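Produce the entire structure from the sequences given, and follow the hints as far as they go.
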Amino acid sequence: MKQIVEPRGSLTVFLGAAPGVGKTYTMLEAAHQRLNEGYDVAVAWVETHGMPETERLLEGLPQIPARFGNLQGKISPELDIDVILKRKPKLVLVDELAHANIPGSRHVRRFQDVEELLTAGINVYTTLNIQHIESLNDIVAQITGVIVKETVPDRILEKAASVQLIDIPPQELLKRLKEGKVYVPPQNEQAMRKFFRTGNINALREMSLRFTASRVDKDMSEYMHEHKIEGPWPAAGRVMVCVSASPFSAQLIRAAHRLAAGIQAELVAVHIETPARRFPAGDRERDRVTRNMRLAEDLGAKPLTIVGENLVQEIIEAACVQNVSAIVIGKPQHSRLWELWHGSLVDKLIRNSDGINIYVIRGAAEQDPDNGIRTTPKEEGFNWRQYIGGLAMTMLATLFSLFFEEKTGLINIALLYQLPVIMSAFWWGRWPSYFTALCGLAAFDFLFVPPTLTFTIADIHYLWSFIIFLIMAFVIGGRTELLRSEAASARQRERSTRALYQFSREIAGIIDLELISQQLVKQAAETVGRSVVVMLPDNSGQLAIRAESYPGINRNKKTLQKTIEIAAAAWSFKHGQAAGRSTDTLSDAMYLYIPLKTTDNIVGVLGVHVKENNVLPEEKRLIDAWTGLAAIAVERVKLAEQARGASLLLEADRLRTALFNSISHELRTPLASIIGSVSTLVEAEDMYSKAARRELLETIQDGAARMERIVANLLDTARLESGMMQLKIDWCDIEDIIGTSLNRLRETTKRYTLTVNVAPALPMLKADCVLLEQVLINIIDNALKYSPHDSEILIRAEPKAGTVVISVSDNGVGIPEEDLSKVFDKFYRIQQPKHVSGTGLGLSICKGIIEAHGGLIWAERRPSGGTTIRFQVPVAEEVVIPERIVK
Numbered sequence: 001m002k003q004i005v006e007p008r009g010s011l012t013v014f015l016g017a018a019p020g021v022g023k024t025y026t027m028l029e030a031a032h033q034r035l036n037e038g039y040d041v042a043v044a045w046v047e048t049h050g051m052p053e054t055e056r057l058l059e060g061l062p063q064i065p066a067r068f069g070n071l072q073g074k075i076s077p078e079l080d081i082d083v084i085l086k087r088k089p090k091l092v093l094v095d096e097l098a099h100a101n102i103p104g105s106r107h108v109r110r111f112q113d114v115e116e117l118l119t120a121g122i123n124v125y126t127t128l129n130i131q132h133i134e135s136l137n138d139i140v141a142q143i144t145g146v147i148v149k150e151t152v153p154d155r156i157l158e159k160a161a162s163v164q165l166i167d168i169p170p171q172e173l174l175k176r177l178k179e180g181k182v183y184v185p186p187q188n189e190q191a192m193r194k195f196f197r198t199g200n201i202n203a204l205r206e207m208s209l210r211f212t213a214s215r216v217d218k219d220m221s222e223y224m225h226e227h228k229i230e231g232p233w234p235a236a237g238r239v240m241v242c243v244s245a246s247p248f249s250a251q252l253i254r255a256a257h258r259l260a261a262g263i264q265a266e267l268v269a270v271h272i273e274t275p276a277r278r279f280p281a282g283d284r285e286r287d288r289v290t291r292n293m294r295l296a297e298d299l300g301a302k303p304l305t306i307v308g309e310n311l312v313q314e315i316i317e318a319a320c321v322q323n324v325s326a327i328v329i330g331k332p333q334h335s336r337l338w339e340l341w342h343g344s345l346v347d348k349l350i351r352n353s354d355g356i357n358i359y360v361i362r363g364a365a366e367q368d369p370d371n372g373i374r375t376t377p378k379e380e381g382f383n384w385r386q387y388i389g390g391l392a393m394t395m396l397a398t399l400f401s402l403f404f405e406e407k408t409g410l411i412n413i414a415l416l417y418q419l420p421v422i423m424s425a426f427w428w429g430r431w432p433s434y435f436t437a438l439c440g441l442a443a444f445d446f447l448f449v450p451p452t453l454t455f456t457i458a459d460i461h462y463l464w465s466f467i468i469f470l471i472m473a474f475v476i477g478g479r480t481e482l483l484r485s486e487a488a489s490a491r492q493r494e495r496s497t498r499a500l501y502q503f504s505r506e507i508a509g510i511i512d513l514e515l516i517s518q519q520l521v522k523q524a525a526e527t528v529g530r531s532v533v534v535m536l537p538d539n540s541g542q543l544a545i546r547a548e549s550y551p552g553i554n555r556n557k558k559t560l561q562k563t564i565e566i567a568a569a570a571w572s573f574k575h576g577q578a579a580g581r582s583t584d585t586l587s588d589a590m591y592l593y594i595p596l597k598t599t600d601n602i603v604g605v606l607g608v609h610v611k612e613n614n615v616l617p618e619e620k621r622l623i624d625a626w627t628g629l630a631a632i633a634v635e636r637v638k639l640a641e642q643a644r645g646a647s648l649l650l651e652a653d654r655l656r657t658a659l660f661n662s663i664s665h666e667l668r669t670p671l672a673s674i675i676g677s678v679s680t681l682v683e684a685e686d687m688y689s690k691a692a693r694r695e696l697l698e699t700i701q702d703g704a705a706r707m708e709r710i711v712a713n714l715l716d717t718a719r720l721e722s723g724m725m726q727l728k729i730d731w732c733d734i735e736d737i738i739g740t741s742l743n744r745l746r747e748t749t750k751r752y753t754l755t756v757n758v759a760p761a762l763p764m765l766k767a768d769c770v771l772l773e774q775v776l777i778n779i780i781d782n783a784l785k786y787s788p789h790d791s792e793i794l795i796r797a798e799p800k801a802g803t804v805v806i807s808v809s810d811n812g813v814g815i816p817e818e819d820l821s822k823v824f825d826k827f828y829r830i831q832q833p834k835h836v837s838g839t840g841l842g843l844s845i846c847k848g849i850i851e852a853h854g855g856l857i858w859a860e861r862r863p864s865g866g867t868t869i870r871f872q873v874p875v876a877e878e879v880v881i882p883e884r885i886v887k
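Residue numbers (my numbering): 1 to 887.
None of these hints come from the bench; they were simulated from the model.
Honestly, I wouldn't trust all of these hints.
Here are the simulated lysine-lysine pairs, DSSO-like style, with alpha carbons at most 30 Å apart [said to hold, decoys possible]: (1) K218 - K90; (2) K574 - K611; (3) K74 - K181; (4) K522 - K638; (5) K766 - K822; (6) K750 - K826; (7) K522 - K597; (8) K766 - K800; (9) K574 - K88; (10) K785 - K800; (11) K194 - K175; (12) K822 - K847; (13) K86 - K74; (14) K90 - K574; (15) K178 - K149; (16) K574 - K620.
Small disclaimer: the values here were computed from a predicted structure and weren't measured.
Shown next, in the form of structure tokens:
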């Protein structure tokens, strides 16, 4: 479906350093000015907080009523985006851009409502405080001690057409606060009183001025570049920030964004998954990675998730591929002992950077954003069966060694105890293998190292052997677990790649949307293990379910018929963005809806059932791959349909051109002879004898009859194609039909030899006699056109297997073998001889009439030269034999 893209509306942001500086007041004044200029202005949401001055400015401005929802058991008003879109003013006022909507709203945040209004082509005025800008959130918290949770992504302000700074001196703002002209929420009164300090206000004013100045500088640079004004341009490059599961990553991302904005570079956010840094699905660390990557996207970063073995190597390779000029990483919080054992990530990056700048930023203590408790990556839950399994394998190795101690020797026994360590690491992981190593060492010391049955070590050499044994066990166990993890990752990638490859092969030759949809839900459901649905627009443009799958669950299919599911799918299809579960748009839906997008079109929606709120990065990558393949396949089918439609239109245009050319040529000849004969009779009637005048009148009659046949053929063709031709069934005598046809063509057949051969006792036909006569006339007329004068035209009629076969043979130029099946097509004419005229409709009409009678018609080449056209009509069950016998 081709999406109609409306011109995007413009956003004007009235920015202030703190509440109470006059943002809303200034916005309302600007709205009055636009209203006086004739703009269609409407107020969708303005917070007056009971201030008389603000309420007075609202007077005279058209207002859009709010909707009401439930907020913690209370009825609360909220912005009604649907009414705004229906009303569609040219300019709408939406106060408090960073506001969080009440539960049940279409979007979680108000800035998302504003984005939808802008996409619909509506201009928006809005207000914002500097502390609500996402990239400045951590700096504001450091300055004021207040953590602001309602933030707006920087990309919103970057796309704004205008950012107007509203500023007043700190003393005036504090005076307004004392006079009660600044709204302070009762529940946050104490915190807000601490917020409004002279030092805090000055710092926030400086941040506001810096932010506005950087935007002005960026606008100026873009203006100079657009108008080719010479100047110092910033070097092309990108800033890459390394994202992990650490809560500090959010602060790191904001710092990287500020750095990128300062040097006017693009921002890339990369998360490296190594076997040592891979977390199970559902872990809090995994959720934090997803949350941090989403924050990076909100700040305009390009997200990348890379799976590899070596962290430093993958970071450097990603930086080189992305043309990165600076890498931003967090300062590790590990101890000196940890760095001595594992090495310093910062030192390794600096050594391998090769000209790339490395920025190391130290953050605050890692605090979990959910509960404020310092967290460290956790291992999988304790499974006592794994440790018992390791102990059991150690016991088996011990029994084997006791039976064959004399034959094996201590060295081989020590090596034998390494086998349970390797198997534990391969099956269960690192910690069960370490436990198995300790059990094996204890058994080896107690049962085999002299003195036996005691843990006493008499020989110092055995102590070194035990140390080497433990080192080998730990190294082998760790490496085996690493190989196991890499093998699991490789198998997962291979399954995903194989599934995508199989899907692409299966849909390559499919040109049916239903089959493509069924293949998509089947493959996607089997790969991700979730319920999948495909929705495509019907002829009216409304989304309809084309295929759905419910793997492993007995789900009520009415889930997809719920209003919120339909709304989420429709919103995703209309706006080309993901909606539903795990997004900020209609997040109460049970499915995540992703648009099937190609370069220019949105062809449908793919829905994936999501149990948790977050979709894992690898799942998101896989789903994106599915949607990309599906979108291409669906568009290919629709393009094929459009191509077929275009081919039909082209063919129709060709036929129309051929019809016009044929008719104009065919009508011109008899019309010219008629006009010539009439002119002769009118101008010089007395000069011609009676015989000459009769000849001229016969010429006029022949021309009129020829024109009548042309018009009759056109009308018959139109009736056949429209299905309006109705057969008038009656008993028909073949001999009468042949005789009547030849009588109507008597003038044309004078210069030919006609031979009629009708079999005796030929049964009568139950058919439309007039139409059969028309068929025979067209076939005989066609034979006469392509036969030389004085040649024979043979007409035969004979019974054959419950039918009557009638044939017309000529001695003309004949029809090429490859054209025998084409002579019954509309407007088709053989190339030779060129002097023969005709519309190319006669035989086409014959075919339509004969097939309407349930018969067949075909053409054959005569061995002696010329053509035979035969048609057969079935004989009625009640056969009637004419009384006379044809001689």
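Hint check results:
1. This hinted pair checks out: K218 and K90 have alpha carbons roughly 28 Å apart, not beyond 30 Å.
2. For the hint pairing K574 with K611, the CA-to-CA distance comes to about 25 Å; that is within 30 Å, so the pair holds.
3. At most 30 Å may separate the alpha-carbon atoms for a hinted pair to count; K74 and K181 meet this at roughly 27 Å.
4. For the proposed pair K522 and K638, the alpha carbon gap of about 21 Å is at most 30 Å, so the pair holds.
5. Simply put, K766 and K822 have alpha-carbon atoms about 29 Å apart, close enough for the 30 Å limit, and the pair holds.
6. A hinted pair counts as satisfied when its Cα atoms are at most 30 Å apart, and K750 with K826 qualifies at roughly 29 Å.
7. The straight-line distance between the Cα atoms of K522 and K597 is roughly 20 Å, inside the 30 Å bound, and the hint therefore holds.
8. The hinted pair formed by K766 and K800 meets the criterion: a straight-line CA distance of about 16 Å does not exceed 30 Å.
9. For the hint pairing K574 with K88, the CA-to-CA distance comes to about 17 Å; that is within 30 Å, so the pair holds.
10. Of the pairs offered as hints, the one joining K785 and K800 holds, with about 29 Å between alpha carbons and a cut-off of 30 Å not exceeded.
11. For a cut-off of 30 Å, the pair hint linking K194 to K175 stands: about 15 Å separates their Cα positions.
12. At most 30 Å may separate the alpha-carbon atoms for a hinted pair to count; K822 and K847 meet this at roughly 11 Å.
13. Of the pairs offered as hints, the one joining K86 and K74 holds, with about 27 Å between alpha carbons and a cut-off of 30 Å not exceeded.
14. The hinted pair formed by K90 and K574 meets the criterion: a straight-line CA distance of about 21 Å does not exceed 30 Å.
15. Simply put, K178 and K149 have alpha-carbon atoms about 26 Å apart, close enough for the 30 Å limit, and the pair holds.
16. Among the hinted pairs, K574 with K620 is consistent with the structure: their alpha-carbon atoms are about 21 Å apart, no more than 30 Å.
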